[in-house]
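K.L.:
Residues per chain, in single letters:
2 protein chains.
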Amino acid sequence: MTTTTNPSSLSISLHNSTNGSFPKSTLSPGSLHFGPISSSGRVSLSSSSRVRSMVCSSSTQLTPPELVASSSGVPAVVEVDLGTRSYPIYIGSGLLHQPDLLQRHVHGKRVLVVTNTTVAPLYLDKVIDALTRDNPNISVESVILPDGEQYKNMETLMKVFDKAIESRLDRRSTFVALGGGVIGDMCGFAAAAFLRGVNFIQIPTTVMAQVDSSVGGKTGINHPLGKNLIGAFYQPQCVLVDTDTLKTLPDREMASGIAEVIKYGLIRDADFFEWQEKNMPALLARDTEALTYAIKRSCENKAEVVSLDEKEGGVRATLNLGHTFGHAIETGFGYGQWLHGEAVAVGTVMAVDLSHRLGWIDDTLVKRVHSILKDARLPIVPPESMTVEMFKSIMAVDKKVADGVLRLILLKGPLGNCVFTSDYDRDALDQTLRAFCKT
Amino acid sequence: MTTTTNPSSLSISLHNSTNGSFPKSTLSPGSLHFGPISSSGRVSLSSSSRVRSMVCSSSTQLTPPELVASSSGVPAVVEVDLGTRSYPIYIGSGLLHQPDLLQRHVHGKRVLVVTNTTVAPLYLDKVIDALTRDNPNISVESVILPDGEQYKNMETLMKVFDKAIESRLDRRSTFVALGGGVIGDMCGFAAAAFLRGVNFIQIPTTVMAQVDSSVGGKTGINHPLGKNLIGAFYQPQCVLVDTDTLKTLPDREMASGIAEVIKYGLIRDADFFEWQEKNMPALLARDTEALTYAIKRSCENKAEVVSLDEKEGGVRATLNLGHTFGHAIETGFGYGQWLHGEAVAVGTVMAVDLSHRLGWIDDTLVKRVHSILKDARLPIVPPESMTVEMFKSIMAVDKKVADGVLRLILLKGPLGNCVFTSDYDRDALDQTLRAFCKT
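Chains as they are written, first to last, in this note's numbering: chain Z, 426 to 864; chain V, 426 to 864.
Keep in mind the hints are simulated off the structure, nothing from the lab. A couple of the hints might just be wrong.
No distinction is drawn between identical chains; accordingly, a pair holds when it is met within one copy or between any pair of copies.
Said to hold, decoys possible - Below, in silico cross-link-like pairs of lysine to aspartate or glutamate (EDC-like), each with a Cα-Cα straight-line distance of 20 Å or less:
| id | residue 1 | residue 2 |
| --- | --- | --- |
| 1 | K534 | D828 |
| 2 | K588 | D828 |
| 3 | K672 | E714 |
| 4 | K792 | E702 |
| 5 | K817 | E591 |
| 6 | K736 | E504 |
Produce the complete structure using the sequences and hints provided.
P.N.:
In structure tokens, the structure reads:
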């Protein structure tokens, strides 16, 4: 069956947190609190420029597991509600064998598939078939990039432009990103910049891309000095998640994606976190039903947040829990050495450690985070070569620095609540960095 | 005095052209005709996907010369009306000595001025002074790029990102483009892509940039195979035109900018064209009043068109009269060999030649175009090395190609009317190319 979440009907109200029993005295004065979702009304972020932190509490009205689409081939659909830039996320098994799903979103007659050396042998022919079957007017070109975060740079991006221009693609062309987060980010930025913008479609083939990076329009490349520093907010025409592509995903990539699934539970969806605690073995065993549910619920969470704050003026930043520390690891240790989700897992542990030092969360939550990450076979300490100074210098160019001050996403209150704030004790941050680094 | 044009109050109605006496039989069936501007109503472009050509007639309600701001230091203001992305264009003498004009549009505390080796010695200190006077919280960095169209590429763009990241600029920073069209296009694209978008301000110092490229948000860089193929639509916070900067402009650059001034007359503003025919000597002599009037009226024309069609879905394309042929000359002859306006002048002659071959304009207009371009000391034939094949292969990757078909802006009807169309005789285009090339 098909189920749809329409985030435009959700409301975020401004009030003090009343969830759970966590002492109110730990909440900053002047915090902007995002409370539980109700059935009407609209979010107001008008005072955000004066507000330095936000508390975001659990989402409570998402689809329960029994309502997720079966493997019958009928996709579940999650809508990303962004006015004229709205688009569907299709989730299900066998979707690459349903040409209509893709073809209805192709504009013009020319398509450029952007993929990599790992994914091309597995799925490129399937995608070309899905684009062209019973559709003789469509011509498809492809560009196959090297695989890995270390290639997410301007040099590789230029190969996409070269291919597009040599193939004489025009403004009515469509780019298709076939691969993981690196391919999605690069293809999306190429689509944003080619001829000042052409349409594009995301076909994510990793858990990381399916639950997070393919949704919401963040595109870009890395700079030698920092992750994702060059890019665009640019939304796709649709996201097509064929869960069958996960059958060929290496275990390490699987775990990396689960780091982002865990994130959604921690920042805004306590029920989902509790579901993950019980179902981690099923996820790692690639149980289709468990995976499909985790992907769909993750996309629902992401779609809600993106619909409220497309350009990351506020609440969207909370999706970066663990990412400031994590990006420092990716940049400092060398792009491609660790997978993104591995770095985010350690970054999450560090953010949780800092939250606890600040007295904002209790022991139990710290232990649960360690436990679930270990169950997911993710690392919980940074590479030995990372130093306090490396963390500090790389974090200083993070996109969440504003007027020279680093803002962080930290947990605060009961499970499912977080803040995005510059209002934390710098000594506590130093203590966290020292606790995780040998020098 | 300050005069303001508010393009949101202008109306474009859909009807057959009734201007002038040109025979109706020359108009394509199904053409979308843009008639004279009235005082209410809104444009409808809803049927544009089915429409292959548009006739755009003269603008008739622009500011007459006597209403242009004097050189008293009070700027004329032209508003670009784009909803939340609206911004003012300030035009006048001595504006760089009015710090408030700039400072009111600076967001955050950090500014990066992007300029080139020619402009920096002349105006960088003045701009830094204007940004920082009585404003101790602002810190200004600058990056000085090599001067010329041949440097409008990814390699030079990366120098801007490098400087921004090394200077630890964050999302609340402001970029300032100080220079001609190349600097404005590159700085604007850098601002669009740095951290997925920071604010920027245009301070154009050439006629070309003041009357055209700094207004409307087209940003980008060249690719070895074609002009402006990589970029973004990204609007500035304001455009500050200090006409005093033209005192140091070389004659060839002056003439190059006038090519775009002439364009506005030809495509939509017959009165302005007639004014130019009378006042070309004053413009070339840099008469302040004549220059200020020409800049303001050009900006009013551009602001109107951009407000109606920001992303170039239709009428905005008409601003590219002569540019498809002109870009082929710039790319084929080598970036930086000819100035942009020189190539556009020849491109305009070629577009006019084709329009005449098609029977869409009469002899008199052809002669008037030749005459005004010669008066402006602009070339009217392409470089000898340009061949028919070079024109064809470069024009095939023009951004106005759609589903493989090249659309052109051509004159049709009396002075001040044009069409954007793919509905023209290919043989006539061949004849035009052969008439202007030796091989």
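K.L.:
All hints, please: hold or fail.
P.N.:
Comparing the hints with the structure gives:
1. Proximity of K534 to D828 under the C-alpha cut-off of 20 Å is restricted to the inter-copy arrangement: shortest distance 6 Å between copies versus 46 Å within a copy.
2. For a Cα distance limit of 20 Å, the shortest separation of K588 from D828 across copies, 17 Å, qualifies, whereas the shortest one inside one copy, 39 Å, does not.
3. With identical chains, the CA atoms of K672 and E714 are at most 20 Å apart within one copy only, with a shortest distance of 13 Å there and 72 Å across copies.
4. Taking CA atoms no more than 20 Å apart as the test, K792 paired with E702 passes inside one copy only; the shortest distance there is 12 Å, against 80 Å between copies.
5. For a Cα distance limit of 20 Å, the shortest separation of K817 from E591 across copies, 14 Å, qualifies, whereas the shortest one inside one copy, 43 Å, does not.
6. In this assembly of identical chains, the alpha carbons of K736 and E504 lie at most 20 Å apart only when taken from the same copy (18 Å versus 25 Å across copies).
Violated hints for the displayed structure: none, as all numbered hints are satisfied.
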